[in-house]
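Top line first, the protein sequences correspond to chains A, B and C.
Sequential numbering from 1 applies to the first sequence in the working numbering.
Sequential numbering from 1 applies to the second sequence in the working numbering.
Sequential numbering from 1 applies to the third sequence in the working numbering.
Bear in mind the hints are in silico, worked out from the structure with no lab data behind them.
These figures come from a predicted structure and were not determined experimentally.
Some clues are possibly wrong.
[As the list claims (entries may be wrong)] DMTMM-like mimics (lysine to aspartate or glutamate), calculated; alpha carbons at most 25 angstroms apart, straight line:
| no. | chain 1 | residue 1 | chain 2 | residue 2 |
| --- | --- | --- | --- | --- |
| 1 | A | K14 | A | E187 |
| 2 | A | K23 | A | D47 |
| 3 | A | K94 | B | E212 |
| 4 | A | K14 | B | D131 |
| 5 | A | K14 | A | D127 |
| 6 | A | K14 | A | D82 |
| 7 | A | K94 | B | E210 |
| 8 | A | K23 | A | D127 |
| 9 | A | K14 | A | E193 |
| 10 | A | K94 | B | E130 |
| 11 | A | K203 | A | E187 |
| 12 | A | K94 | A | D82 |
[Claimed, not checked] Residues from chain B that keep clear of chain C, each with C-beta distances beyond 10 angstroms, as calculated:
| no. | residue |
| --- | --- |
| 13 | P25 |
| 14 | V79 |
| 15 | A89 |
| 16 | T110 |
| 17 | S193 |
| 18 | F199 |
For glycine and all other residues, C-beta sits at the position ideal for the given N, C-alpha and C.
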Amino acid sequence: MLTFARRAFIVLWKDLLVERRSKETLNALFFFALLLLFLFQFAIGPDRERLAGTLPGLLWLGFILSGLLGLGRTFVVERENDCWEALLLAPGDKSAIYVGKLAGNLLLMLVVEAILVVLFGFFFNLDLGGVLPGLAVVIVLGTVAFAAVGTLFAAMTAQVRARELLFPVLLLPVQAPVLLATVKATEAVLLGEPLGSVAHWLKLLAAADVVYVAVGVLTFDFVLEG
Amino acid sequence: MIRVVGGLALAALAAGLVMAFGVAPRETTQGNVQRIMYLHVPSVWVAYLAFAVVLVASITYLVRRLEAADRLAHASAEVGVLFTGLTIATGSIWGKPTWGTWWTWDARLTSVSILFVMYLGYLLLRGMVEDRERGARYAAVLGIVAAFNIPLVHFSVYWWRTLHQPPSLMKPGPGTMPGVIVAALLVNFAAFSLLYVYFVAKRACLLRREAEAA
Amino acid sequence: MADNWGFVLAAYGLAAVVLLSYWRFLARHERTQTHRARPPRARPGVSEPLAPAVSEPLAPTVSEPLAPTVSEPLAPTSGHPRSKPASRPPLQ
Chain A
1 MLTFARRAFI VLWKDLLVER RSKETLNALF FFALLLLFLF QFAIGPDRER
51 LAGTLPGLLW LGFILSGLLG LGRTFVVERE NDCWEALLLA PGDKSAIYVG
101 KLAGNLLLML VVEAILVVLF GFFFNLDLGG VLPGLAVVIV LGTVAFAAVG
151 TLFAAMTAQV RARELLFPVL LLPVQAPVLL ATVKATEAVL LGEPLGSVAH
201 WLKLLAAADV VYVAVGVLTF DFVLEG
Chain B
1 MIRVVGGLAL AALAAGLVMA FGVAPRETTQ GNVQRIMYLH VPSVWVAYLA
51 FAVVLVASIT YLVRRLEAAD RLAHASAEVG VLFTGLTIAT GSIWGKPTWG
101 TWWTWDARLT SVSILFVMYL GYLLLRGMVE DRERGARYAA VLGIVAAFNI
151 PLVHFSVYWW RTLHQPPSLM KPGPGTMPGV IVAALLVNFA AFSLLYVYFV
201 AKRACLLRRE AEAA
Chain C
1 MADNWGFVLA AYGLAAVVLL SYWRFLARHE RTQTHRARPP RARPGVSEPL
51 APAVSEPLAP TVSEPLAPTV SEPLAPTSGH PRSKPASRPP LQ
């Protein structure tokens with residue numbers, strides 16, 4: 001059990017180091033998030049009421065679009081330096097790699113999401129002070145689900161020829177229930193309602209998290225097989 | 001053997017038509033348009049059956065590496081997508097005179113559409129991976145993820161539709177339906193299931209021949 | 001309320017067309033397989049013309065699983081007249 005955790009941590013640490021040195025993913029994603037905000041503003045128009053109504057949806061659209069870009073690159077780093085073969089040859093449970101990658105993706109997405117929330121608050125003049133804890137809960141639950149399936153599918157599509165196309169095409173339908181749940185829950189939270197009022201959505205998200213991570217851990221071996 | 005099933009399917013389909021048009025009564029609120037239900041509901045049941053088979057076959061393939069399981073998963077997914085598409089189309093045609101609109105985001109149409117896109121992605125994945133063995137593995141994993149997603153889709157869409165609106169007229173579930181209607185539904189479901197078996201058997205056979213020829 | 005038989009007909013008709021088309025797709029490809037498996041015989045008549053561009057009413061993804069057959073080492077039978085027996089691989 002401990003070696004599993006250590007192996008996962010090593011993968012996470014390696015990715016964090018690579019990212020810290022190059023900072024390419026984070027920078028690019030930050031700019032992308034900013035641009036998305038502009039796009040949403042232009043697409044929806046200046047009407048405040050309309051914007052306020054669509055805000056939870058736009059927020060999660062922003063998360064998902066950024067996530068698609070960020071997650072799709074999960075295994076690109078490995079492919080470029082022949083590390084893929086090294087990964088395949090690594091002894092023991094390959095699921096540790098999955099957990100490590102998942103943790104890395106989770107961290108990445110949470111950082112981008114935090115930035116997006118701040119930007120949203122700034123551009124759309126929201127008062128987020130009181131709702132932040134509730135919002136954080138919803139965001140974490142939703143992001144785990146997204147990252148869990150995304151990491152698995154990223155490994156799958158890394159070896160396929162039209163990977164940039166196939167990855168979103170496979171991921172988005174599977175994430176539909178998660179999107180429904182998170183937007184509804186976010187809607188309630190932003191209106192100031194207590195988390196208890198959306199307990200069923202949160203339970204759904206929690207169930208999704210458990211299912212996705214479990215399936216990911218159990219099937220990652222089969223995906224990485226040479 | 002397959003021909004026998006095919007023949008049975010044909011006979012059952014005929015019986016189903018008789019039930020749908022001859023035996024089942026004209027519905028009071030909707031009129032005869034409601035008879036589309038004898039097409040729409042068995043279709044969706046068969047689709048679920050197909051995707052359940054995909055799940056079992058996918059797990060079997062990963063655990064035992066039986067090529068037959070992989071072919072079964074592939075065939076079942078294909079036929080499942082076929083029936084899912086049919087469900088959506090018949091649901092839409094039913095909806096136009098009933099609700100006045102071709103499309104509505106009601107619980108069943110929405111969740112079936114999500115299913116449709118998920119398993120269409122499954123077929124797309126199959127088509128895009130050149131290496132046969134890897135394609136089988138990936139598809140099996142996707143088949144498992146998609147199947148576990150189905151209950152999540154159900155609950156989320158149902159809550160999404162009904163918690164702030166009254167439930168739509170088309171809520172599934174024959175709870176308070178008269179026996180004749182249930183009987184007609186079941187006959188048609190049996191007919192569609194036989195057709196499903198026939199299609200899957202033939203498709204899996206085709207896949208086997210292709211694999212042998214390669 | 002009007003009975004809207006037109007819609008009923010449309011739904012059942014569509015179902016019939018879709019299911020029949022899929023059945024024909026299966027039957028046609030089964031025939032391709034059987035022809036390829038059998039040894040080549042000097043046939044006076046023309047073999048069944050199998051145009052690759054037959055428009056399937058179904059979505060293209062349905063024919064995707066067949067893609068591997070085109071890239072196989074055997075000469076594709078679709079769209080071409082039967083090749084000379086001498087160029088065919090011997091019967092296994």
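A quick look at each hint next to the structure:
At roughly 37 angstroms between alpha-carbon atoms, A/K14 and A/E187 are farther apart than 25 angstroms, so this suggested pair is violated. For the given pair, A/K23 sits about 37 angstroms from A/D47 by alpha-carbon distance, which is inconsistent with the 25 angstroms threshold. At roughly 33 angstroms between alpha-carbon atoms, A/K94 and B/E212 are farther apart than 25 angstroms, so this suggested pair is violated. For a cut-off of 25 angstroms, the pair hint linking A/K14 to B/D131 is broken: about 30 angstroms separates their Cα positions.
Between A/K14 and A/D127 the CA atoms are separated by roughly 38 angstroms; this puts the pair beyond 25 angstroms, and the hint is violated. Between A/K14 and A/D82 the CA atoms are separated by roughly 15 angstroms; this keeps the pair inside 25 angstroms, and the hint holds. Distance check on the hinted pair: A/K94 and B/E210 sit about 33 angstroms apart at the alpha-carbon level, beyond 25 angstroms; violated. A distance of roughly 31 angstroms separates the Cα atoms of A/K23 and A/D127; the hinted pair therefore is violated under the 25 angstroms criterion.
The straight-line distance between the Cα atoms of A/K14 and A/E193 is roughly 41 angstroms, outside the 25 angstroms bound, and the hint therefore fails. Taking the CA atoms of A/K94 and B/E130, the gap is about 24 angstroms. The hint holds against a cut of 25 angstroms. Restraint check for A/K203 and A/E187: satisfied, since their Cα atoms lie roughly 16 angstroms apart, inside the 25 angstroms limit. Our distance criterion of 25 angstroms between C-alpha atoms is met by A/K94 and A/D82, whose separation comes to about 17 angstroms.
Chain C leaves B/P25 outside its interface by the beta-carbon criterion, the shortest separation being 13 angstroms against a cut-off of 10 angstroms. The Cβ of B/V79 does not lie farther than 10 angstroms from every Cβ of chain C; its closest approach is about 8 angstroms, which violates its non-interface assignment. Under the 10 angstroms C-beta cut-off, the non-interface status given to B/A89 relative to chain C is violated; the minimum distance is some 6 angstroms. For B/T110, the condition that its CB be more than 10 angstroms from all CB atoms of chain C holds, with the nearest at approximately 19 angstroms.
The claim that B/S193 is not at the interface with chain C holds, since no C-beta of that chain comes within 10 angstroms of its own (minimum 13 angstroms). Its closest Cβ contact with chain C, about 7 angstroms, brings B/F199 to no more than 10 angstroms, contrary to its assignment away from the interface.
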